[in-house]
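Start from the sequences and build out the full structure, keeping to the hints where you can.
Number of protein chains: 2
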Amino acid sequence: MSIPPSRLTGSVRIVGAGLLGASIGLALRANDVDVILADASPAQLKLAVDYGAGRTEADGDRPSLVIVSVPPDVTANIIEAELGRFPSAVVTDVASVKLEPYLTLLNRGVDLTRYIGSHPLAGRERGGAISARADLFLGRPWVICRDEETPPEALALVEDLALDLGASPIEMTPDEHDRSVGLVSHVPQLVASVLAKQLVHAPDSAVRLTGQGLRDTVRIASSAPELWVQILASNAAPVVDVLDAFAADLARVTDALRGPDAPGARRTIANTIAAGNSGVARLPGKHGQDRRYESIVVMVDDTPGQLGKLLTELGDIGVNMEDLRLEHSPGAQIGLAEIAVLPEVQQRAIDDLEARGWRIAST
Amino acid sequence: MSIPPSRLTGSVRIVGAGLLGASIGLALRANDVDVILADASPAQLKLAVDYGAGRTEADGDRPSLVIVSVPPDVTANIIEAELGRFPSAVVTDVASVKLEPYLTLLNRGVDLTRYIGSHPLAGRERGGAISARADLFLGRPWVICRDEETPPEALALVEDLALDLGASPIEMTPDEHDRSVGLVSHVPQLVASVLAKQLVHAPDSAVRLTGQGLRDTVRIASSAPELWVQILASNAAPVVDVLDAFAADLARVTDALRGPDAPGARRTIANTIAAGNSGVARLPGKHGQDRRYESIVVMVDDTPGQLGKLLTELGDIGVNMEDLRLEHSPGAQIGLAEIAVLPEVQQRAIDDLEARGWRIAST
Chain V
0 MSIPPSRLTG SVRIVGAGLL GASIGLALRA NDVDVILADA SPAQLKLAVD
50 YGAGRTEADG DRPSLVIVSV PPDVTANIIE AELGRFPSAV VTDVASVKLE
100 PYLTLLNRGV DLTRYIGSHP LAGRERGGAI SARADLFLGR PWVICRDEET
150 PPEALALVED LALDLGASPI EMTPDEHDRS VGLVSHVPQL VASVLAKQLV
200 HAPDSAVRLT GQGLRDTVRI ASSAPELWVQ ILASNAAPVV DVLDAFAADL
250 ARVTDALRGP DAPGARRTIA NTIAAGNSGV ARLPGKHGQD RRYESIVVMV
300 DDTPGQLGKL LTELGDIGVN MEDLRLEHSP GAQIGLAEIA VLPEVQQRAI
350 DDLEARGWRI AST
Chain R
0 MSIPPSRLTG SVRIVGAGLL GASIGLALRA NDVDVILADA SPAQLKLAVD
50 YGAGRTEADG DRPSLVIVSV PPDVTANIIE AELGRFPSAV VTDVASVKLE
100 PYLTLLNRGV DLTRYIGSHP LAGRERGGAI SARADLFLGR PWVICRDEET
150 PPEALALVED LALDLGASPI EMTPDEHDRS VGLVSHVPQL VASVLAKQLV
200 HAPDSAVRLT GQGLRDTVRI ASSAPELWVQ ILASNAAPVV DVLDAFAADL
250 ARVTDALRGP DAPGARRTIA NTIAAGNSGV ARLPGKHGQD RRYESIVVMV
300 DDTPGQLGKL LTELGDIGVN MEDLRLEHSP GAQIGLAEIA VLPEVQQRAI
350 DDLEARGWRI AST
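From first to last, the protein sequence lines stand for chains V and R.
Residue numbers for the first sequence follow numbering that gives the first Met the number 0, so the first one is 0 and each next one is one higher.
Residue numbers for the second sequence follow numbering that gives the first Met the number 0, so the first one is 0 and each next one is one higher.
Just so you know, the hints here were simulated from the structure itself, not pulled from any lab data.
The structure displayed is predicted, hence computed values, not measured ones.
One or more hints might be untrue.
Claimed, not checked - Computed cross-link-like contacts, EDC-like style, restricted to lysine to aspartate or glutamate with a CA-CA straight-line distance of at most 20 Å: (1) Lys308(V) x Asp351(V); (2) Lys308(V) x Asp174(R); (3) Lys308(R) x Glu321(V); (4) Lys308(R) x Glu312(V); (5) Lys308(R) x Asp300(V); (6) Lys308(V) x Glu99(R); (7) Lys308(R) x Asp351(R); (8) Lys308(R) x Asp315(V); (9) Lys308(R) x Glu321(R); (10) Lys308(V) x Glu337(R); (11) Lys308(R) x Glu337(V); (12) Lys308(V) x Glu321(V); (13) Lys45(V) x Asp300(R); (14) Lys45(R) x Glu56(R); (15) Lys308(R) x Asp322(V).
This is the structure in structure tokens:
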């Protein structure tokens, strides 16, 4: 990471050293911020510290900012506890739902002047400190839910956090946030899960025909049930609204398919696919590809040690591999290793690999 | 591409020089097969020839194999015409639906002895010769629909085609094929389209929060409406069966979300997400775990050559790596290599790697 020096002053305390907490810690440590980690699980805490995501707490720690990154069902309790324990700190959280914890704390009469809810739109289908990465927030939106009573210095601190991590701060009300993520995150999660569920009892021969299309469509369906039950239940009303609209559209096109030669049926089907085109066209940014890197696809014989040989030789020619995807195709005699490299070394890497006898499938 | 010399003898004629036709042509030309291209569109034909996917037809051409790769609604007509025009050729097609063209030809009384339907499970969301690539079929399944009357030499010819292109031939009945692709291809297409449709009228601020999860889930929704109306309408009955099951499951979990604190509601939600996990786990190959394999996660220093060293040592200790995912975390001092191995070698691989000084993060 080569982000400018931190805007944050003072120590940052992170409660919950899972994927988000440990990733925030890694990124802040790279900026030389003093990061104090806490976690209910000693094993998770130790792993995050070993990763370099921060240090354990010590007597006299006085964080200027506390980041609560714990599961949704305990978020409100931990926010309340941290506000009480560190009376001069600003407290934020990174939970995926913003209205429910806010209302819970309000109903309890907690003074929320120093609390600002936030939500970095970043994540992975696998959780835990073990999946943490310092670049998790790079270029991602980071929603900040201020209200009229939020002191400007407190707001500035959370904005600095987002900027420090390379994210883009966006202000929203909790309600606006929850409706938005219901549409772009929670409903897609559930749709992917229900689609993947249809595969559970499918014949092996059918599953064997799966291509990249289905694989991408259901990728997020491998997310953890415990976490998602909490998220979906906390944001049930906005999610149900979108699901009802989805179900009505799906019923319409299914009915068209019950009589595909009836008048108007094909038009309904075509309109649905075309509307899907329009929806995809609205999505910001890259489509899968990481545009910082170029890829090289190398054919690798499906024998032990061949991939190791390739990667060793990449090291020999001084090419740093930024990412690697292996296409292992049972039945095929060759596999494909897709290697991401910086654009400026791509051509040289191809030339050197070909000179050493490697076959480049495509770039 | 440097695949072994072609198994095919004689010329191959490809009718329809779109994505699939031109990709087949490119791959066969790389193997020095004489490829004759035809297309109803002179512009598309010229583009495919310019690409190096084959030559235009000439008087006296006598292809031993004809590959029909035209839109679904004209597939049956072209198959019939080609069978009549080249009385000694084997004719195959690559359409996504197999029962309808077969029944159409049967009902017309066409002699189908020399016809073998086939379907390479390969494609891209972009069509046309301009998107063609010789490695499109590499490692992909290629379904071949023979029947009792298919002469063995004819079957061998289509199998040779699949093998020539690096694909894995799989025999299926047309009905079995259509039900399978309904589940793993056609329904996911429609579900992705209906999901993407929900974005059409969403506020900009919501769409801006989109992450890789939604982007992957709706990626295939950018496919062409004209083509997909034909595919879906030709395979309507199997698609409707899966859509009905999908809609019932979705309605169940939506109802649970209408009252997330009612008895059993959270269990229904959790079961849905967990079933989605199981569905994803059945998918072959990368992403989603393949349950035939166990995984070993090894910590790798983030320096060039370390991963190569690991994989070389795996070869040294005789462990075959079935799949590999690399977690490259800029900012962290270590990366994670997730290696899939057969269950029976997992423990020995862990022991041997640890004895050689590698740190195992988890299994």
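Hint check:
1. Lys308(V) x Asp351(V): Holds, because 14 Å separates the two Cα atoms, which is no more than 20 Å.
2. Lys308(V) x Asp174(R): The hint is violated at about 44 Å.
3. Lys308(R) x Glu321(V): holds (17 Å)
4. Lys308(R) x Glu312(V): holds (10 Å)
5. Lys308(R) x Asp300(V): holds (18 Å)
6. Lys308(V) x Glu99(R): Roughly 48 Å separates the two Cα atoms, so the pair is violated.
7. Lys308(R) x Asp351(R): holds (14 Å)
8. Lys308(R) x Asp315(V): holds (11 Å)
9. Lys308(R) x Glu321(R): Holds, because 17 Å separates the two Cα atoms, which is no more than 20 Å.
10. Lys308(V) x Glu337(R): holds (18 Å)
11. Lys308(R) x Glu337(V): Distance of about 18 Å is within 20 Å: holds.
12. Lys308(V) x Glu321(V): The given pair, whose Cα atoms are some 17 Å apart, holds under the 20 Å limit.
13. Lys45(V) x Asp300(R): holds (18 Å)
14. Lys45(R) x Glu56(R): holds (12 Å)
15. Lys308(R) x Asp322(V): holds (16 Å)
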